[in-house]
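Read top to bottom, the protein sequences are chains X and L.
Quick note on numbering: the first sequence equals residues 88 to 291 in my numbering.
Quick note on numbering: the second sequence equals residues 21 to 325 in my numbering.
A portion of the hints provided could be inaccurate.
[What the hints assert, rightly or not] Keeping only pairs whose Cα atoms sit at most 20 angstroms apart, straight-line, the calculated SDA-like set for lysine to any residue is:
#, chain 1, residue 1, chain 2, residue 2
1, X, Lys213, X, Trp229
2, X, Lys221, X, Ile181
3, L, Lys86, X, Thr154
4, X, Lys90, L, Leu28
5, L, Lys86, X, Ala155
6, L, Lys86, X, Glu156
[Claimed, not checked] Here are a few chain X residues that face chain L, going by a calculated C-beta distance under 10 angstroms:
#, residue
7, Leu99
8, Val100
9, Lys114
10, Arg125
11, Arg132
12, Pro146
13, Leu149
14, Gln163
15, Ile170
16, Ser242
17, Glu245
18, Leu267
19, Leu269
[Said to hold, decoys possible] Non-contacting residues of chain X with respect to chain L, defined by C-beta distances greater than 12 angstroms in every case (computed):
#, residue
20, Phe136
21, Ala194
22, Trp229
23, Val234
Simulated from the structure, these hints should not be mistaken for laboratory data.
As the structure is a computational prediction, the values presented were derived from the model and not from experiment.
The beta-carbon is built from N, C-alpha and C at its ideal position, and this holds for glycine as well.
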Amino acid sequence: MDKVVACGTCGLVQEVDGEVPLGAVVKCARCNFQIFHRRVDSGSRTLAFSLAAGILYFPSNLYPIVTAEYQGQSVQTTIFQGISSLWHDGQYFIGGLVFCTSLFTPALKILGLIFITLTLNWPRFKKTRAWIYKIIRIIDPWNMLEVFLLAICVSMVEMGEVATVHPGRGVFSFAAVVVLTLCGTLTFDSRLLWDSAAERKKYE
Amino acid sequence: MSDQSHSLPRAKIQKDALSLFFWALPVAAAIMCGWFLLHDFVLAGPSITIYFKDAQGLQVQNSMVKYRGVEIGTVESLELAHHGQDVAVRASLHRSAADVARQGSIFWIVRPELKVGAISGLQTIVSGSYVAVQPGAGGPTNVFNGSTEEPPPPIPGISITLLSDDLGAIEPQSDILYRGLKVGSVLNYRLDDNARYIVVNARIMQEYAPLVRVDSEFWNAGGINAHLGLFSGLNITAESAQTLVAGGLAFATPEKYGAPATNGAVFFINNKEDKTWDDWNPIIPLNTQPESKKTKNEWPQLNAQ
Ligand SMILES: [Zn+2]
Numbered sequence: 088m089d090k091v092v093a094c095g096t097c098g099l100v101q102e103v104d105g106e107v108p109l110g111a112v113v114k115c116a117r118c119n120f121q122i123f124h125r126r127v128d129s130g131s132r133t134l135a136f137s138l139a140a141g142i143l144y145f146p147s148n149l150y151p152i153v154t155a156e157y158q159g160q161s162v163q164t165t166i167f168q169g170i171s172s173l174w175h176d177g178q179y180f181i182g183g184l185v186f187c188t189s190l191f192t193p194a195l196k197i198l199g200l201i202f203i204t205l206t207l208n209w210p211r212f213k214k215t216r217a218w219i220y221k222i223i224r225i226i227d228p229w230n231m232l233e234v235f236l237l238a239i240c241v242s243m244v245e246m247g248e249v250a251t252v253h254p255g256r257g258v259f260s261f262a263a264v265v266v267l268t269l270c271g272t273l274t275f276d277s278r279l280l281w282d283s284a285a286e287r288k289k290y291e
Numbered sequence: 021m022s023d024q025s026h027s028l029p030r031a032k033i034q035k036d037a038l039s040l041f042f043w044a045l046p047v048a049a050a051i052m053c054g055w056f057l058l059h060d061f062v063l064a065g066p067s068i069t070i071y072f073k074d075a076q077g078l079q080v081q082n083s084m085v086k087y088r089g090v091e092i093g094t095v096e097s098l099e100l101a102h103h104g105q106d107v108a109v110r111a112s113l114h115r116s117a118a119d120v121a122r123q124g125s126i127f128w129i130v131r132p133e134l135k136v137g138a139i140s141g142l143q144t145i146v147s148g149s150y151v152a153v154q155p156g157a158g159g160p161t162n163v164f165n166g167s168t169e170e171p172p173p174p175i176p177g178i179s180i181t182l183l184s185d186d187l188g189a190i191e192p193q194s195d196i197l198y199r200g201l202k203v204g205s206v207l208n209y210r211l212d213d214n215a216r217y218i219v220v221n222a223r224i225m226q227e228y229a230p231l232v233r234v235d236s237e238f239w240n241a242g243g244i245n246a247h248l249g250l251f252s253g254l255n256i257t258a259e260s261a262q263t264l265v266a267g268g269l270a271f272a273t274p275e276k277y278g279a280p281a282t283n284g285a286v287f288f289i290n291n292k293e294d295k296t297w298d299d300w301n302p303i304i305p306l307n308t309q310p311e312s313k314k315t316k317n318e319w320p321q322l323n324a325q
């Protein structure tokens, strides 16, 4: 780190005394916020979040979101079953929208983030990374996992009036995927996309 | 430069403990997935296949396998087998009920049924049909031939065989009456190998087993026995309202009775009651046992897992 730095939060110019050891952070003398050139540990944290989200993506889609029990009959529904029943009912637009926003774009985003963070050390992929990041930025507003999760919760409460509704394993995984992808984007510092390995070392 | 920097405040340098925490997330996710897989494949109960002639009323994923009224498994798939001769019902059992998957277990489908004399499976009208099981005692197996009807509960008692010229109104579950009291029931019937008799298998409850003696007389108590006599007028007899519609059998034992009937004893069914049997008033001690002892072990016990 440079010897003299300015706090990004409060603007206080201050001196960093000596080398900052690995795994340590620099905090502002006045406001106690962290001072960084690049978001600290951004690459590996985003990778950790994306990997965790990618792993949980499978149970969230394979296991039922809800189990509704009504008069001794139990009906289990996965996200995909919900979408295909919308499709069969002729609700192509809603079905397609739910498919894109809750199945397709999250998968794309998770895979994209994993690719970007894994290839940070290869300048060869600089162009691809930028390209993928553009796609992620485009699909991000369409990534309406949270909305879908809310819809599930509302319908669970509604159904609770007529049937006994148990949350399935899928819904916990799904909620975890929502939170993890959110954190993955938050921790990612887009400046890493064009940083060379030498620059990254310098800013650590 | 160095003079100037000394007048600036010092930034704090702290250890960042969070770094490792982030990598705990994918590890936790992997552990969670592993636990799901373990739960589904390693700790899951056995998967069994039952062949039924007719699986009407069963629904994939919805229909349950029940034992003693408790869900012990779910129907996973229904498909035709043996060139369309049977329906293969594949069901996954809970681990706690794995012991049901053994030879001698009898599976049948419970549907709402309305027949003369009895309404059964009433709860299935709203809850849908389900597969019921009566566990056997043999070795473990995964393939079963489903029964078309509910097997008689293994109540302790003696089995007797009754031969009749005519089936009359006898049905499975028909009552066997002693002095008008139900002491047993008909299990099933068939034509004997030479087509000479109707062979009726029946069961007498343990408690009343001593009433059946080798010289007991059985008669058909079902239906209305109408006898139009020239001097007596119309004579109508029926053993009970239940047997009037559902058919039934009655028996009497002489006052100087013989040895108690053993399992598999054979009797003939008389077409009607003899007047003199009415006057038989034997005194026979019953197998009266404490209630708890009587019902104990009536069903095969499942080994606790
Ligand atoms: Zn500050």
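Numbered hints the structure breaks, given as an ascending list
1, 2, 10, 15, 16, 17, 19 and 20
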